[in-house]
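Chains as they are written, first to last, in UniProt numbering: chain Y, 1 to 123; chain G, 1 to 639; chain U, 1 to 520; chain D, 1 to 124.
No lab work stands behind these hints, which were simulated from the structure alone. Treat the hints with care, since some could be wrong.
[Claimed, not checked] Taking lysine to aspartate or glutamate pairs in the EDC-like style, the calculated list, with each CA pair at most 20 Å apart, reads:
#1 G:Lys122 <-> G:Asp41
#2 G:Lys637 <-> U:Asp240
#3 G:Lys370 <-> G:Asp313
#4 G:Lys370 <-> G:Glu467
#5 G:Lys88 <-> G:Asp313
#6 G:Lys122 <-> G:Glu500
#7 G:Lys88 <-> U:Asp240
#8 U:Lys358 <-> U:Asp304
#9 G:Lys637 <-> U:Asp308
#10 G:Lys456 <-> G:Asp314
#11 G:Lys473 <-> G:Asp313
#12 G:Lys637 <-> U:Asp304
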Amino acid sequence: MSGYLGSYATLGILLVVGVVLFGAAFAGNRLLRPHRPDPGKLTTYESGVDPVGGDWAQAEIRYYVFAYLYVLFAVESVFLFPWALVFARPGFGTTTLVEMAVFVAVLLLGLLYAWRKGVLRWT
Amino acid sequence: MTLAEQVQYQSATGALSSVWLLIAIPLASAAVLLLLGRKADRWGHILGCASIGASFVLGLWYFFTLRGLGHKAVSLDLFNFIQVGRFKVDWGILYDPLSATFVLLITGVGFLIHVYAVGYMKEDPGRRRFFGYFNLFASAMLLLVLGNSFLMTFIGWEGVGLASYLLISWYQDRPAAATAGKKAFLMNRVGDAAFLVAMFLMFANLGSTDFATVFNGVGALPHGVTLAMALLLLAGACGKSGQFPLQAWLPDAMEGPTPVSALIHAATMVTAGVYLIARSNPIFDATSLGQTIVVAVGAFTLLLGCVIGCAKDDIKRVLAYSTVSQIGYMFLAVGLGGGAYALGILHLLAHGFFKAGLFLGAGSVMHGMKDQTDLRRFGGLWRYMPVTWATVGLGYLAIIGIPPLSGFFSKDPIIDAAFARGGWQGWVFGLAALLGAGLTAFYMTRLFVLTFHGKKRWTDDIEHPHESPGVMKLPMILLAVGSVAAGGLLVYGGFTTWLEPVFGTTEVPGHEPNRAMMIGISLAVVLVGVAIAWLLFRRGTALVEQPARSPIVRAARENLYGDVFNETVFELPGKLLTRAAVFFDGKGIDGIVTGLAAIVGGSSSRLRRLQTGFVRSYALTILGGALVVVAALMAVKLG
Amino acid sequence: MNPVLAADITLPHINYGAIAPILILLGMACVGVLAEAFLPRTLRYPVQVLVSLVAQVAGLATIIGLALSNYAKKPTLTAGDALAVDGPGLFLQGAVLVLGIVATLLIAERSVERGGAFVAQAAVTAGSEADAEQARRQPSQTEIFPLSLFALGGMMLFVSANDLLTMFVALEVFSLPLYLMCALARRRRLLSQEAAVKYFLLGAFSSAFFVYGIAMLYGFAGSVKFHDIAVAAISSGKSDLLMFIGLAMLAIGLLFKAAAVPFHVWTPDVYQGAPTPVTALMASCTKVAAFGGILRIFYVAFLDSRWDWRPVIGVIAVLTMVIGAILAVTQTDIKRLLAYSSIANAGYVLTGVLAMQKDGISSSLFYLVTYGFTVLAAFGLVTLVRDQDGEATHLSRWAGLGRKAPVLAGVFTFLMLSFAGIPLTSGFTGKFAVFSAALGGGQTTLVIFGVLSSVLLAFPYLRVVVLMYLQEPAADAPTVAVPGALTSAALAIGAIVTLLLGVWPSVLLDVANSAAQFVG
Amino acid sequence: MHPVIPYVVAALLFGVGVYGVLVRRNAVLLLMSIELMLNAVNLMFVTADTSIVGVPRSGQVFTLFVIVLAAAEVGVGLAVILRFFRLRASVETDGVGAATETDAPREADAPRAAVRPDPDGEAR
């Protein structure tokens, strides 16, 4: 377990074991189960409701806006984590706090703008 | 001047410290005329003439001041123009015998042409603007001859090109004028590029374009560099002076108003090339091969101009090709080196007078003949416009070199000097110059006889050809006087000695020819030319163009295929290059994308849908570029 | 606590005074956003214009103050060495702002096109009834002002970034607003939005290369600071392979923004599609910023390895000059023509950069400013020639303009002459400066190609001039709008500076010379 | 740990992204390919970080920056592309540029299904 690729061996074995387990489970399933298809069984399962229409549905554009707003703010907040590690150290103190406040304020400005432009209303 | 001798310019003092006024006055006048607009319409032409006249008077004053000085080269640094690292260029002026001579020619002849234009352009609503351009032209030309570095000269050089473009395409409604202007500008750009590269060579090797630095340093340069510099300067000079292979624009420039032709052909523009070579004499002296090439270009062009001149029927075109040919003489002279530089400049001055006179005469004829320019449609005019007849006649006698008119004093020494070069070159160039003299006599006689003598062959709409008004006659008379007297006065007034500080010597290189015999021979050749033309054309000529019987005539009518040459050499590669570039920019990239799409399993529909302008092909270009850059860096690093 | 984190992380000192210009711009951009959100519609335009101009003038004043108070001579690094306040940085920031002010004048113009050159509601579908309505009636939206402030702030950050990561952040900060601004044309919205899509996709593509290069260099040097990279480059024992791949990738990202061949492909389409004032901003300010970054990277981080990469970039410069000039010849649209000419001009600046000497820096700085002013005025004039459906940019429509509008045609001719490098215009002095600097740096080949391409490039310019003066105007020739005060001011500034720097270039060259020292 | 394999994986990932940009016609997929390229960069940063000794974990922090900027890029990009989609009912980039020739927009088949923006929101 040493040499050029040594440190990757564990990872490799894990992968192989995973694939084998998965394959074995499905193979066993296939071997053991009965196989008698009819039309009712082949329809798409939608929580017991009869499926209607095509399989391509257009999503409301608003989902995108909301999802996007969420992603932006969530992603920006990653900067809080490294900051959280250091802000309490000696020598950092108030300056760091103020700087982070400015950062959050800029984010809030964005949110404010979105709100004023009516993006956040759902009607 | 031997090479060991240092070129030195003293700084200007006293009267000469205001020498910049020469340029500033016409420039200021041009600015006023062009910026003030219609308000200046009534008095614009007067201001235009006055400014150039003032420059002329100043020029005379400076000229006599300079004569009184011991050291005949003063330099004047005005202010720092541009400085990049160790390269530094000042706005500076060099006033020495050569520039002083040119200043007098430009302002003197220029002034006369200005005055003439007052009459000629009287009917033109844009006369004020015309004078604005005219002043601009003159001031650019003055800057050209007064700059103390190649860069200053270049700025004037470009200014002249620009102004000529504006003036040649003056008659905007004539497509030919527009094309001619464009052609002049573009062919000049070819020459300008060569000039620029020459300047950058100076920068790279000597660190400056100052005349003093360059001329003092040129002796130490390897011969290859000097030769390259000389040839590039020659190419620049060819562009501006209409020498082979860049001669085609000059005759087309006739599309401008006649005063423009006179100004371009006599006082400004075309003389710039001769000036450049004469000014750069230390560079050319350092490379005999370069000088030989200058001589060859001159000799070839002078014959070319003569031959085409014989075949043209348009009075201004004949004169234009005559200019091409006369400038060829000057190139021949300045290429010979030594004392022949002064001969070239002498011929330039003499030519300035008689060519301006001839053009103004042609303009006067056109003025009286409802802008007719076809030689076959003139005839017998001497009765109707005697002053024009007399002035053109004197100019004609001067250009063919009949003693004691000026052409005799200026052209014959050049022919002598060409023979004096010795060896086969002496014979070839000497005979070319001699043959050129005979041809000049032929076509100029043809022009003169067809215009003023023989039967009337006028078109029907002309009833009474009339003499031009006084404001046009006066300059013509003055120029005719100049044509008669300039040559002798200059030769016996010690012109070559006057220029000695610039060229270092008055000795023409080579052996001393037998003067008397040479004069006899060349006069005989000239007379033969005159006689043949007189015999052929004294009864007039056919009114339609005769079918060309020999290939030479056909070729001459086609300007010796100058345009074809230019198209093949300059335009065709450009066109091909452009097409290739467009192809690779559009089709080529798309082709690659198409191929790529096919390779990665694209369907035929995908291939069909591809069009230009797509994001993906752009991305592919960027990627391709990226891969090449990485690969090239690797190659440089590892290779 | 994580032992690695325990290593000495200290609070970086930030010299707020030194970076005040950037802060002013970005802060005022936030003010602009607030104004956009809370002010009533009618008040927004005057307030935004005011905020925009005040921000830039204040920024410029601060920069001048900094330059006078010895920051140019005694450069500093601040914010944990992430930002350099030095001569070139201040000069470039100043150049971005000066050009930005003129571009803002063009952007703010509302009398040439009724309501301004920008769409009122970007969300309305193009070509619909509502769209026609808004094109006729409603004034432009005013988001363009904060967007341009963000872009300018990003550019200023970009030219003074002293490590690659800051540079990447700045690159995105100025690129993202530009992508949006491209899409905001009032007329020909489809073309405009296409331009935005193209610009965005290709810009993102190239910035991915850029950041990949950063990662390579980080792997090579263990740091993204220019100084550390320079040190790592001369220390032996490290494989140069990573460094050169990284350098190549970085160069690609930067040359894309600078529009150098073969990374120029987006330029004509985007310049054509974007609203003309935005095009003017891109052609002047973005070019300054891109070359600011190129200068700093080449002169600070990779100075010692220049013998290896200079030939490659030299080939790019030649290609850029030659191909830009050749393709300019074939164009029939004035905006595309100017786009190709801006490509060729990028080649000229690159020639100056490759001198790799102090002159190289100063002459490139000088060239960028001269070119910026001329191109701003040129695009400003393009906005004035109009048809019923917006600007008439096809060259055939410009025929005979010399008679209809002699002043416009005269100024445009002057600008064309400047582009063609005729003496007594800034085009000549600029080219002269970069070429002689390149000669001093031993780049004779480049200079020869440069001269040849500038001769070639005179053809298309001349064609425009000939068209304007020497052809009959068509019966339905476009009208020439009377420029409003703002456009007139922009045009006048552009043309006067072009003339001034052509006659008396030492005014600016001296400043550029004294600024031309990077902090290491 | 030897960094060659992560570097190779990152290079491959980058290559897959480039390939995607070149062969995908759907602008959204194109955008995703670009994201793939950026993620390759993230992998490189993290890998390089581990092989550098004695420096604070700057590589990991750089990754955060790249992630954030990628998100911002996606935001702007999606906005631009969706606008374009509304105009042309297609996000196929092969069509980008086709309209350069035919200036008449194909508005007739623009989707009306997409929700119009709230006029009030803009009118404020």
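Structure-based check of all given hints:
1. G:Lys122 <-> G:Asp41: Measuring from Cα to Cα gives roughly 11 Å; hence the hint holds.
2. G:Lys637 <-> U:Asp240: 8 Å, holds
3. G:Lys370 <-> G:Asp313: 17 Å, holds
4. G:Lys370 <-> G:Glu467: Satisfied, since the Cα-Cα distance of roughly 12 Å is no more than 20 Å.
5. G:Lys88 <-> G:Asp313: 51 Å, violated
6. G:Lys122 <-> G:Glu500: With a Cα-Cα distance of about 44 Å, the restraint between Lys122 (chain G) and Glu500 (chain G) is violated, given a limit of 20 Å.
7. G:Lys88 <-> U:Asp240: Roughly 39 Å separates the two Cα atoms, so the pair is violated.
8. U:Lys358 <-> U:Asp304: Status holds; Cα separation ~15 Å.
9. G:Lys637 <-> U:Asp308: At roughly 6 Å apart (the allowed maximum being 20 Å), Asp308 (chain U) and Lys637 (chain G) satisfy the hint.
10. G:Lys456 <-> G:Asp314: 17 Å, holds
11. G:Lys473 <-> G:Asp313: With Cα atoms ~25 Å apart, Lys473 (chain G) and Asp313 (chain G) exceed 20 Å; violated.
12. G:Lys637 <-> U:Asp304: 14 Å, holds
Going down the numbered hints, you'll see the structure goes against 5, 6, 7 and 11, while the others check out.
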